[in-house]
Structure formats: C-alpha cells, structure tokens
Amino acid sequence: MKNHQDTTWIGITDKNNDPELQDVAQSEFVGLPIAEALSSEKIVENASANRRDFLKYLGFGLGAATVASCETPVRHAIPYVVKPDTIVPGVASYYASAIVNGGDFCPVLIKTREGRPIKIEGNPMSSITKGGTTARAQASVLSLYDSDRLKSAGTIENGTFTKGNWADIDKAVAGKLTASSNIRVVCNTVMSPTTKKVFNEFKGAFPNTKVVTYDPISSSAMLQANQENFGEAVIPNYHFDKAQVIVSFGADFLGSWISPIEYSHQYIKNRNVSKGKGAKMSRHIQVESGMSMTGSNADNRIMIKPSEQGAAIATLLENLGGGGSPYKVNAKAAKALKNLASELQANVGKCLVVSNSNNKAEQILVNKINDLLGSYGATMDFGAVSYQRQGIDAEIQGLVKEMQSGGVDAVLFWNANPVYDLPNGDAFAAALSKVSTKVSMALSMDETTSLCDYAMPTHHNLEAWGDVEPKRGQYALIQPTIAPLYNTRQGESSLLMLANSPNINNTSERPYYEYLKQNWGAMATTAGFSSGRQFWDEALSNGVYATKASATVAGGGVQVGGGSINKPSSAEFELSFYETVNMGNGNYANNPWLIEMPDPVMRTVWGNYLAVPINWNESDGRFEGFKGVGRKVVKGIADKLKVTHNSVEQTYSTVPQFGQMNGTASIGLGYGRSVVGKAGKDVGQNVYPWCTIDADGNTQYFATGATVSEMVGQDDEFGCVQYHHTYGVSGQYDGETVNVDEVDIVPIGKGYQGAITDRTVLFKDSLSNMDGLLEDMTKKRNNAKHLNDATLYPFEEYSAELYSQGHHWGMHIDLNSCTGCSACTVACMAENNVPVVGNREVSRHHEMTWLRIDRYYYGEAENPNVVFQPVMCQHCDNAPCENVCPVNATNHSSEGLNQMAYNRCVGTRYCANNCPYKVRRFNWLDYTSADLFGGNQNAINSEDPAYYTDNIVRMVLNPDVTVRSRGVIEKCSFCAQRLQQGKLTAKAEGRRLRDNDVKTACQTACPTGAITFGDRNNKEGSLVQKIKSPLVYRMLDEVNTQSSVFYQARVNNKDEKLDA
Amino acid sequence: MTLRKCWIKSMSTNYKQMIQKSLFFNYILVLILGLSFSSTYAASADEGKALFKQYCAQCHNKNMKDKLTGPALGGVEERWEGREELLYAWIRNSQEVIASGDPYSVALYNEYNKSVMNPFTFLEDDQIESILLYVNGMYEGTYGPKPVTGEVAGVGVAGKDETNNNFLYIALFVILGLLALVLARITANLNYLAKVKEGNAPATRGTLADILTSKGVIGFLIFALIVFAGYTTINNAIDLNRQQSYAPDQPIKFSHTLHAGQQKIDCQYCHDGARRSKHSVIPAANTCMNCHKAVKKGSNYGTAELTKIYASIGFDPITDTYIEGYKDMEEDSIKAIFTKWIGDTYKEEKGLAKTDGMTKDGQRLVDEQWEGIVSSLTSDTKESVYGPIPWVRIHNLPDHVYFSHKQHVTVGKVECQECHGKVEEMDVVYQHSPLSMGWCINCHRQTSVQFADNEYYNAYESYHEQMRAGDRDKVTVEDIGGLECQKCHY
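In the order they appear, the protein sequences are chains D and U. This note's numbering numbers the first residue of the first sequence as 1 and each following residue consecutively. This note's numbering numbers the first residue of the second sequence as 1 and each following residue consecutively.
Simulated crosslink set (DSBU-like; lysine-lysine; CA at most 30 Å straight-line):
1) LYS83/D x LYS297/U
2) LYS83/D x LYS253/U
3) LYS264/U x LYS83/D
4) LYS474/U x LYS1019/D
5) LYS151/D x LYS382/U
6) LYS382/U x LYS163/D
7) LYS296/U x LYS83/D
8) LYS83/D x LYS413/U
9) LYS83/D x LYS293/U
10) LYS83/D x LYS327/U
11) LYS83/D x LYS340/U
12) LYS83/D x LYS422/U
13) LYS780/D x LYS1026/D
14) LYS83/D x LYS382/U
15) LYS327/U x LYS151/D
16) LYS171/D x LYS327/U
17) LYS335/U x LYS83/D
18) LYS327/U x LYS163/D
19) LYS413/U x LYS111/D
20) LYS327/U x LYS517/D
21) LYS413/U x LYS999/D
22) LYS401/D x LYS196/D
Hints listed in this document are in silico derivations from the structure and should not be mistaken for laboratory results.
Using the sequences provided together with the hints, build the complete structure.
Below, the structure is given as structure tokens:
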C-alpha cells in the first residue's frame, strides 16, 4: 500500500531534504540571534546608554508610570443627539448591498457597528453567489478607510493635486464640455443599468460623446466570438454543476476568471465524496503553462506553452473531428489531448470547455468544441448570460489612435486607469496629452488621474447608491452604509450635473438615490409588483432581485469563420501573465489585506514574483533548479533574475514553481503601480507593458522571446509563508522517506518514534483508489487509537464528563471543497483585528494570520497535484500548549475551546513552541499601536507611523475583539465573540442553539462551503452529520491532542492515461 | 506578683515547676486569644447579610424599618417571642404555617394581600439564625454602617466594613506580638537556666532590649516589613484605576432621585440598550425631549439645567418647535433664543410682563445660566453648544473586558441595582460596585442561572437530571463555565 505521507511535499527543499528546511522546521521562531538582529536594525550602533543611563531611565520610567497611573483620565460617554431608530449602540446592523469593482461582483451583507461598516458577509439570498465571497470582496471594507483616497474635488497639474471646491470644478468642467465637442467616457465594465441610463443622458446633452469600455484583463475575444456565432456579445451562462468533464484552457475560473464565486460553488457540487465508497465526482482537466489556482484543483493538468494555447484548442477540436489544426502542440500534450477527446466524446452533453484565450478565432473554436460536445443547452446557455465582462479591446485601441490624431476634445475617466493597465499605456499617456480636457472620476490618485486636469473623486462602493445587473434578469442594489468619509460625490451625480439633467434634483439631500429609485420604479410592473415602493423596499432589503423566468436560450450551431489562431512560437522562452487571486487588475493595489494575503499557489506575499520551472532530474530524483535559483527560499531569501523582453529589463525575485512548464515562466498582473498610496508603493512590478496586442486589437497575456538572465542578486526580505510554521513535510533520509523535521527532532537510537514519523497530516488519493484510501485511513486511525490508549491521561474518562452537556464546539473542513481561494484568510483578518505586518516582518516569519492555508504537492514532481489545507488553532481537548504556560494564560473552556487571555500572557512563547500544529502567533512589534506606552520601539517596516495607527484605518477594527498589543501570543479563537453572540441570541429568545446561530468568519466567507462549524453535542446538527463521513480524520491524531477540527480527505479523479 | 518576680521565685525552686508555670501562662494566653475570636458575632451576621441579600432583599426592606412587598423585619423576634420554632418554620415555608391555622400567621398573610412568601426549605437553622442576627443588627444599628446622608454617601458605605476588619487585625497583631514576646522571654530564661545548669552561666541574663535587638528579631521584622510592603503595594497597584465611589460632576445636574425615585421612570425607559445590547446606552437628547417638550422647568434648578437639553438639540421652548437650520446657526442667534427663554421665565415667576425691562438680578441670572450652558456643552474640541451632551462616564471597564448588559438584564434577570446600587436614591450618580474581576467572579460563583423556562439551557442535560434527582439545588453561573477566561476576554 502506498504510504500517504511520503508522496507529499511543499517545495523543492523538502524534495531534496535540504539542510535549510531542517533548520527552519526545527525552530518555532526563526530569525537571527538577538545581537545580530538588533545590529541589523541598527539599534546597537545608535544605542549610547550605559548602566547609569539605564538606571536613570528605569527610575524615570517607574516614576512616570506611577504618576501617570495615579490620575485616572476623565472619560466621556457621548450619546446621540437624536438617536436613529435603526441603531442600537453595541448591536451590529446588517445591510444588503453589493461589492462591485469593474466586472467583479459579490452581493453582500455589510455588518455595521454604530454606523461604520466593519465586515463583509456574503448574501445567501443571491442565486448567483449563494452567500460566498472572495478575498477581494472581504477586503473592500479596508479600501473604504484608505486615507490615501482623494478627499475633495480639485485640479491637477503635472501630477499634483490642488484642492478645489465642487462648485468651481463643476463650473470649469461644464464650461469645457460644449455640446459640439468630441467627448469620450472611458470605463471598465459597467454592469449598472441605471449608470448606463446616466451615460445615455450624458450623451443626450453632449451628442458627440462615446463611451469606451475596456477591461484591463479582458474577455474581449470571447465577446466577439459570441457576437459572431450567436449575435450577442456576452459571456454565456455556465453550469459547472451540470458538467461531468470540465476542460479549461487557461481559465482560472475558481480564482479570478469572470465570476469565480459562482463557478466555485457550482464546480464543487459534483466533487463531494463524503460518502467514501461509491462516491462519484466530475473530472476537471486544466490546460495551462503555469500552475494557476484552478489548475492546482484540477484532476489532470496538460502543460502547454502560452503560445500553444490556440494550437491546443485546435488540436482538441481536430481530435473531436471538427476540422484540422493548422499547428501542432508539444508531443506530450498532443497525446494527452487525444485521450481527452475520447473522454469528452464519451460524455457528450455533460462536458464544458472554457478558455481565457483573448484570441477571437480561438474562442470560436472553443464554441465549436462545445457545440460538438452538446454543451449548449446542457452545461451552458444564453439565458441568464453574464454581463461581467463587456470591454472590447479594439475600442480603447481605437481611442488611442483617435486621440493621437487630435480628434478628441475631452476624456472622462470613469474609474478606469488605462495609463497603467493597457499594454500600450505609454502610448495612451502620450496620446492623452493631446486632449485638452481630461477629467478623472476615480477613488484615488492613480497613473491616469495624475495626467488629468480635473479630479471629481467618487464615493467608495460602501458610500454609494447603485444597482447592478451581473447576469441578465438578475439584479442587485448597492446602498451606502456610511456617510461619505471625504468630500467626494457619487460619480453618476457628477455626470448628470454636467449634463444639466432635468431628471435629477441636485438640491435634494440624496439626489442619486431618488434618481435610482425612480428608475427602478419603472421596473416594478414588469417585475410583477403592485407598486414601485413595494418592489424597491423588497429589493433593497434582500439586496438582490431576480426576474421570475429568464428564458433558457440554448445557442449552438457554431460556424467557424475567419480570423487566425495564435501561432505557437519557436522561441526558447515564454512568459505568461495572469490575474492573481488577490490583486485583480491592479485597483486593489493599496489594500494591505490583499497585498499580505499569500498567493494561493506560490504562497508569496507583498509582490509579484517570477515563477520558474523546477527542472527535475529524473535519474536521481533531485532538483537541479532553473539556473540554480530558489535554494534559499526556505530562509526567506529569493534569488533575483533579470528578465528582458522587448529591450525592457526587470529584475524579479524568483520562485521555483512545481507544475510550471519547462521553457516558460509566469508573472502576476496588477502589481507595480507607480502612482498609488502608501501601502501599495513599491510592491511588485508592472507587466502590463509586456502584453501584446493582436490583429483584432485584443490584448494577449503572454510574451514570447523573453530572455532570463543568470542570478543577479538576492532578495533578503522575501516572504513565502509556506515555509513558515511548517511541520509534517517529507524528505529523504538514509534512503528512506521520512518527515524531515523528525529526523532532527526525535531520533531515538537508530529508529524513530513509530507514531510520529508516520504522521497524520494529509490523506489524499484518487477516486479509483478509494478502497485503498479508506483502508489506509482505518489503519492509521486504529494505530492512533492504539497509541492513545496507552496514555497516562485517560482522556475518554474525563472528556465524557466534561463535554457531555452544554456545547462542545468543533469544525469540519472538507479538503475536497477547499479551492485555496483564501477568502477565509482575509475574512479572519477582518473579523479578528489581525494586523498587517508588512513584507519585512513576513520574511522574518512574523506574519500574524490566524488561519493559514498550507499547500502540499503530491504525485509527479514535474506536474503534481495539489492539496490546500486550511490550518487554524485545532482547539485540542488535550492541548499541549495549555500545560506549558507558566501563567495559565491559555487554558481550556468547558465548551472545548482553547482560550487565550491576552492580558495574562507574558510572552514566554512556550505554548507556540509546544503546539504541534504551529498555529500560535507572537506579536513581535506593536503593529496596532495598542501598546500602553506607544512609540517605545522601532518603526515597523520603516513606516512612521505604522499602518494601523492611522485613525481612519482604525475605524475598520472590530470593536468586539481585543486589539492585541506587543508581546503576547494570539491565535484562532473559533471566533469566540461570535459564539458568545450566538449563544446570547438563543438565550434571549429562550430556545436551543441552532446551527445558524454560530458561524465563524471563515465559514461564512467560503464560496464552496468547505468549512462547517458547530456544536458536537447537537446530534442533529450538520457538523455531527459531516463528521460521520468515513473520510474524516484529525490531524496528528496519533499524538493524542484530541483536536476539535476534523478534516475530510482530499480525493482527486485523476486519469493516469492523460499523464502518460 | 509580676511575671518577673514569679520567674525569679520559680528559679529558686526547681526547673520542673517553672516549666509548668510558663505552660500555664501560655494556656491563659491561648484562652484570651480564643475569646477574642469567639466574642465577635460579625462572622455570622456577615453571613446573614449575604443570605438576606440573596433571598430576602427582594421583598423585605434592608433598613428593617419600612414595609416593602413584605413586612419590615425589625423586631421580628419579639413579635414571635416564645414561638421561635414556628418562626423558623414560617421562614422555611410560610404556607405550611398558615395552613396550620396559626392566627398571627393568618392575620399577617391577609394584611399583605395574601401574597405568598417564597419557601426557603433549604435554609439551615444556623443560617436562619444568621439572618435574624443581621436583621437585629441592622434594626438596632449595631451592625454595619450608620445610615449616611448627604453627598459622601457612596464613600461611606464602601469604607466601613474594612475598618472593622482592620481593627480585628490590629488586635490580633498586638496579642500575637505579646505572645511572641512572652515566648521569647521563656526561651531566653530556659537557655539561661540550661547554661546555669551546665555551669557556664554568663554574667547577666539577656534583657528585653537584648532580645529585641537580636539578629533574629530584627531579621524577622525586616522580613515582615517587606512582606507587608509588598502586599500593600500589590494590592494598591491592583486597585489603581478602580473608581469605586467615583461621582464626577455631570454637565447637567440630572437627578436620578427625581426621575427614577420620585417619578418612578423605569431604568430601561432611558437606558434602552440594557435589554438588547452590550451597552446600557446613555440616552440621546431626543429621549429627554419625550418628556421635556412639555416639562420645561425643573423642580430644582428651574431653567438652568433643562435649557441645556434644548440648546443641545435645538429646541425653542418659547415656540415649542425644533429650530430649523440649528446646526449652522451663529452662536449669537442661539444665545438670543435661549436667553430670551430664561429671561421670560424669570419675569413670569416674578410676575412681570414680558414687555417689562429686565431687572438687574434677572439679567445676572440670565447671564449665569447662559454661561453654565456654554461651559457644560462646549469643550476644546467642540465649539458649538449644538451637539451631544458630553456626559462623564462613570462605569469604565478596561478595553479587554466584554460585558453584555443584555446577558445580565434580559437573560440573567439581574436587577440594575445589584451592580449599580440604589441609583433611584442618588442625586449624583456614583459607582457603587468595585467593578473588579474578583467582584464579577464572586457574583458568578454565587448566582444561580435562570434555568427554568429557558429552553436554551436544555443543552445542560446532566444538570437538569441532577436537579430532578435532588442531587443539586441550583446551577450557578460558574457551573456553566461563567468563570472561564474567554467568556469575557476575547
């Protein structure tokens, strides 16, 4: 039988069993020796204190502390003057709204406390997202409190903003826009019907106006292909849940492609294997060059070079009998595609093929494939089509030419930043200088705004009114949850005002609200409501509204027309550029929660890094390396390579990436903003300029013919969190495969402590070996029980008494449902006031995240499968951390919680040392300025003051959770504040606690429902039902920690034939 | 005979006798000490106080002199003289006594409108005795503090119990000191005698001064001093920032005696968060306006205090309307409105016509009151009188403590007064309880959970079973985890 541990690894170092990893794995707190650390911070050099000074400071400190504490400050309790009926201080109110950013759409409930939004929850009433969220939606609340936002209207000259007042700016801009001038409004996808109406009104007032829509990461070719095949430039309505075989050519549909929450939710439906024997699941084949988040979830990956994508699509079509392919793909892929074709043919009517290709001909071929496979009407249709991408790249390219020729008098930028995110941003900027009037309606200063003349800053999503129609017939309303923080104005109001529209009453307190409501009033009768008011109220309260029947239009009958697919390049090296899960197209660049969110696959933070292939030596199974880079990643040191393309040189910190095809490298888009706020400054590099434009004007997100240099230096502050807090990784030792950390930690004689060398961390296997997996799990479980029975502490006896009544909290995590999207990580940061620490701190292993998502590879080294494992405090009932605390700061509750009392903690860190799961985090610095004596330490990341000391930013803090100060350990509390709240609700209503009363932040954020929290004593509850699955195990079961988190083994549906 | 003489004499007889004698002295000392312990009944009256608070105070007045739901308990033993057993039975279960037909009991029952006194069958004899001891003590004024009057009420109540204990400690200390001294003498003498017997007697015997200046004694004293100083320092350090009895001046001289005491406005009418939020909520000015739109003159301060509310919210008491655009109004025009109101009211009181000129006294009053309004409602950071009233917060918990009023008021059904004291008798509100963690925990240890009728607690099956089986009479907050850190700290 296969041993499940020995085939798993996290990176090249443990594949090789490098000494660095052993070093790191051994120590809980990695870093320099104290003297060295201090000298690197230049404290010692600057320090001039001697013993006498020390005594003086001590004396003064004591005296000052005494004096300071003698007089209690007078605190005031400031009530409302007129208390709003809807607000009860101390009680959170939830408002239904939607987070919209270009084509990103997430219907949400916004939690507000005393009128300030502090947390985003998914809206379960939405038929699209079903209550799921993304990391970006979770983090949007922090963007609201961004103190780098534009704070009032003003003029801009040479990139410098001068504050003005709205009346003057309105007058000036209105004066420049005359009815005869050629005006262009540049925007990203606009999904709001009312905003479109506003555009039309604006066009009415200024007849020579054109709205130019583009998307920085575009689906333009797909829109064009559908226009050509079906007469509608839209994204089809996909049903991943109805597909048995899913093929994706490069589309990261679980992470960032078009509507990831919706697709993830659908995708997971067919991949639930909780019943073990007899379980069925769909097949997912990803065809790509670098390991994307979706690729990491795939059963099989077929590796192709970026330029081969068109050829691969054509080859698949050829194998399906749909005409010949003009180009060949690499031999291995060709073979795999042939096998794939026969698999698809066996599943006609149950297949779905998608592609992120931005080449029209390629997208038509994809349509043809779907047509041949009978997907139209089965797994995709043109009923409730998606409007989440509307940009046609050719339009914006047309605008560049138009501006160059001087044919444009005025440009209004509607939340768009083409100077940064176009492949030819420079050309755009140059052409823009020929336009006499440039107006920016943006949230903050960006590359494009800095080249404008006037800034008319807009409200943040959470301050604004609005509506959105992400899919045909499915609506959502956006309502403000806070009064505008700054002197900004709703963008639509600005346009209507400039257009001098008679339909808006600008003297009213909420002009656009009235406009919007009026517009919706017209929809009431068609929506089947008796009155507009009833319709409005219901839609506003629910946040979403779907028209009753959206006819299913099948599509099909695809004609392959003109246009040519991309020709595979013969160049030695190719780069692909991808949208990262956190940073999007770059407009989240100033959001530290997202910057510090580890990339799901690379596990890196604070920047975009070059992912290079690992170059594996088959004969001895050792890593040879891509130009020898990446050996010290484990130590927080990355090697830098110089990438040259089109005579532009950029130096990148480099990560060797499993599953990256030889001869290719990948870099994330959306980084390297040059005009951005404090947080986003100098984070990563911009690769948009390396994208190319094809004959149809569509942007191509890859580049051929780039060269990559030898190592040119080292990045000493490189944060790759996969190697932090690590355990249970495998490696070679004396010809045997063992867990590397144990080699150093527990050698007993020549052998190892049987129970620990073979640790229970991950169970994973393929569906075809389900019996073997179950057998293996049973064996391990019995072995663990056998070992645990030998304990001195008879757990069964005392636990029976302790947890027989009341609550006994527990959590179930389905590793098969976890796609690694990291929405939970950001939700946890938002809920629990987890500080952002910055790049340098992360590189020193000081990241504070309470919930990490470990990434493990298994299978073939060259093209492995991946498991994501969310790990938070396991709340062991036999917790090793508790009995080593000298001050009893961490202890156990009768409800099975491992509690942490910060005010008791003296920072010995014994608990973190003794935690086998490595989930405890130590506050090395005063990240949140919660320290009683502030300013008695170095600046964090040379920021002065530190990020969380900004009073505007601090408004995002959750008042129900302590803001921890320096020198204490913190960790996941199972959202104790939510448990207390949920219990209280049940008590006050005099009823038993229900499943719905308590949900942790990570649970509510998850788009696929991978996390279930509940009471293990509630036998009817969903948690208890889920734990019964034969695939459920506890991590490190054999060390008898009796943890409260239950994992469900990962099962893939791999077809070995495709890898051959 | 003095001690010294006794010893000298005994020395001259024989050692055995002398040792016996010193043992006798010891015995006497022990006896004295023992008496000093047993002679105080404070312990059981204290217990009685706790019991009374827990079981009786809901219905019987604490001053033992006035009726409440139940009769005043002062002098209860005289009333039941000679029938103590029946009294005890009545306390345990009054209905049984009434059913037995005892005429006094029946009369009492009828006098109080046949309201049934809760049965307390679990009370032991000595517990009842303790309660009666406390009742007598309170009635005769021999127990606890004398009823205090005036402004320092809070301070007085808080301090008294401790001084009692201190006296006890001092007495104990003195007695133990004496004992130590005696013992030291005895040892010294015995040593001397031993040496005399061995034949190498020193020239003189150790004097008292020698003993007191010996290394041992000085060492002990230093040790004791350090322990004492440490103890006091730590205790005081723990108490730092605690604000029991804190009674700051408020921007408006709001009297709870008037509102909650005399007018009997329910606490939660104004503090409407208490039942549904973690905060009890300081009422907004518009809550005040519910009544003070009509009641425009205060019984204590006339227009001086009430006008502050109007100035805060922008209400014109002359026209009975809210002033439009008040937020952006100049200070002078605001002043004009309210000084006119104060002036008019003054004239009305003095029987002057509104058209009459203002008297000098009147003008002074108007100026004073307006200054009062301005100084109460403005601060360094707030220039206009418009806006929230800056009440001074009295009850402050540290940031890492999560206390929920809803939990205690709605679920636990705890009376406000349990923690806040008799606010309805406070002209100036002060912090009644120490709000220390020890205080919280103590209450959690003693308080029963409202198990009955709340289905939530059905989750605690074993406790319910134990209660049914009679193995358990109550479930305290502690029993369901009320002492665990993360119940309040997270």
